[in-house]
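Participant: Single-letter residue listing:
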Amino acid sequence: MTPLEPVALLSEDWLFVLRNTDYLLFGLLWTLALTATSLTLGFLLGFPAGLVEVYGGRYSKTAVENVGVVLRGTPILVIIMVTYFGVGLSPAFVAATIALGLRSAAYQAQVFRGSIQSVSSGQLEAARAIGMSKWDGIRRVVVPQALRRSFPGFQNEFTIILKDTSIAFAIGLAELLTRSYDLFVQRTTAVLEVILFVSLLYFIVTFSTNRLLDYLEGYVAIPGGGR
Amino acid sequence: MADPLLRLDDVEQSYGDERVLDGISFEMDRQDVQVLIGPSGSGKSTILRCINRLVEIDDGDIELDGDSIFTMDENDLRRQVGMVFQDFNLFAHLTAIENVTLGLKHVLDMDDEAATEKAERQLEQVGLLDQRDSYPAELSGGQKQRVGIARALAMDPKLMLFDEPTSALDPELIGEVLEVMRDLADQGMTMLVVTHEMGFAREAATDIMFLDDGRIVEHGPPEQLFEAPEQERTAEFLERLTALHGGIHG
Amino acid sequence: MADRDRTPGGVLKLLAFATFWGWLVVRWVNDWTGGILLPVGEPLLPVDTITAIGATFAGTPIGGFFETLAFIAPFLPRLAGGVWLTVILTVGGIALGFVIAVPLAATRVYGHYTRYVALAYIELIRGTPLLAQLFVLYYGTTLSIVIRELPGIGQGIVPPQAVWVALIGFTINSAAYQAEYIRGAIQSVDPGQLRAARAIGLDQLSGIRYVVMPQALRYAIPGWSNELIYLIKYSSLAAFITVPELFNRANSIASSNFRYTTLFVTAGLIYLCIVLTASNIMSRVEDAVAIPGLSVSEGR
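Residue numbers (the working numbering), protein chains in the order written: chain H, 1 to 227; chain U, 1 to 250; chain Y, 1 to 300.
If we strip away everything but chain H, and leave its shape as in the complex, we get (with noise of 0.2 Å):
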């Protein structure tokens, strides 16, 4: 082999990627609609399972905790099997969500039970001493102050949701990490030059989120701390 031939070899490779980008970006498309159909879910079950965890009754609470120790207990994988191969939704894009919605919903209510805890006690008391319900003083005076100090625990799932799509390769939907491998087995050399391209997307999307959630938090952010 003379020295240039492994270069070729390389451009070879990274050609073979820059040829299929529009087939991997479409990959990231599906991604990028997975991660924001789970996260909503997850948001729309878990912040109320938050809400329960704190200031529901006894039957409820447990029954909430319990389901939420099984769902953060069990690999998504074995949920995503469940919700397509088991329970047999489909299409599998909708199977995948309810897998990653319902998982993301037990780990947002961990971080929205946190910050609910984390607002004084003496702000729903000063609600109820004028006269506010409790459920007024909960929607009024503590769920403002619990959203703005769950950004930090809500960038974090985001970024994990955004990693697990890649899971759905389980039942076969088409995001980033499928097509990646439907490339690379047709050309097993374009292995490393695949990966990186397309670790290079992650890392984009999660970047850019990260700051647009950074922005978004400074933007509600209570002037003057607020703590």
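Calculated from the structure, these hints are not laboratory results. Here the structure is a predicted model, which means the values were calculated and not measured.
If the Cβ cut is set under 10 Å, some of the chain U residues that face chain H in the computed set are:
id, residue
1, E74
2, R78
3, Q80
4, V81
5, M83
6, D87
7, F88
8, N89
9, L90
10, F91
11, G103
12, L108
Where a beta carbon is used, it is the ideal one built from N, C-alpha and C, also for glycine.
Fit chains U and Y to the known structure of chain H by using the hints.
Facilitator: Using the frame of chain H, we list chains U and Y on its own:
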């Protein structure tokens, strides 16, 4: 002689196994300013919280304006009784004026315009109209507490409860809060105040109650307690208090 | 035994854990030693008896439970074999990851130019999916071929090459996450602590070793707890590089008899038991080494 505004009748309250209030009875007439003093743990704050039912009593009765507070809706009760907290408890995510209008809009169902007007008047009364758009974190302790007082007053309560309103303040900020409280007393508000500020007690109180170990040890006008206390414990406590605070705040 | 173990609920829990791990250990020992109790692969549970019980209660939930149990029982030996690999990958991953993570975290905190190298590594690994990393190692490098050629691989008790590749993958991944926990923990320790140490005459290294680290390591425990649980669950990804661990086995059984829900719920329960055991152990560790007044931080 009109009915007393507030009446506590043999109130008992326990926290777990610990007996906090052991048969508390007293009355307050309209425009009375009663000051509750006593060592920490004697149950002073608990009495306040029992009156607005933030804490539930185990035995006895409490009447507000002739009606037992246990026959009325909790939230209704709290609309009629205002509370000012040691830790201020201002709604951290709202500006000063929003802190005051929150109750007006969502408890008294006032419309935005009327609520804002009332809140502005209230803030002016405590001298903080120029800070209406500031957030609690941007205010000093004394300013926060005055907003707290405005917030409670805006609900037009029959009775105002003060739970050690100046204990969390730096010494130089205590004066501004006490001034607001004195003005309030002059205007005829019925006030029940838990405090260590003996100067305020001496000047503004109609009556002082000394509480120890969940019981009222002595109850009488300031002249009595300060000059000729009937109980030895009262004299001891007052001596320790003045020695500790090194004088009395104006 | 802690106080919480003395309640009826606590005793029940301990019994459940004991039964679970007891079953696994008996199964493993039996199958490795060529079947000292039962023929290798023969279920421990008396399948016929269970089927009979199920039949007598046929049509009821109890009957259904026993029927399902009877169905699952013959597959349990294979699943148990998978659990062994799950355990190896998890324990190996976290232990080896720790060995790399400590110097990595130290470099990240105290290094001059090397800290950027450490940072790049950590951010790259944490910013990409674990599955992608496994794919790179298995399909993108010659690692599996090289390992296959090593003496002893795949024979007897030594796991096959895919397991080693997976182990390397988990180690590399876990090291990055653990480094972050350790870094956070080191930075949680009040800088005044090290200053005070130097003020009484300890040098930088001893100060770190005797004053900073003991506190930092305690702060890092919740992070480890999280990491351990994470690895238990994500060891399932090794299935995609042909490792015959628990998930892989459940999947292949399910593909053959189409009883997906049953198999995966069973696998899920097994994972749950392992996770709960780990969680339990870690909180005991946390309690055991706790210093009054020193509280803790968050996780993955």
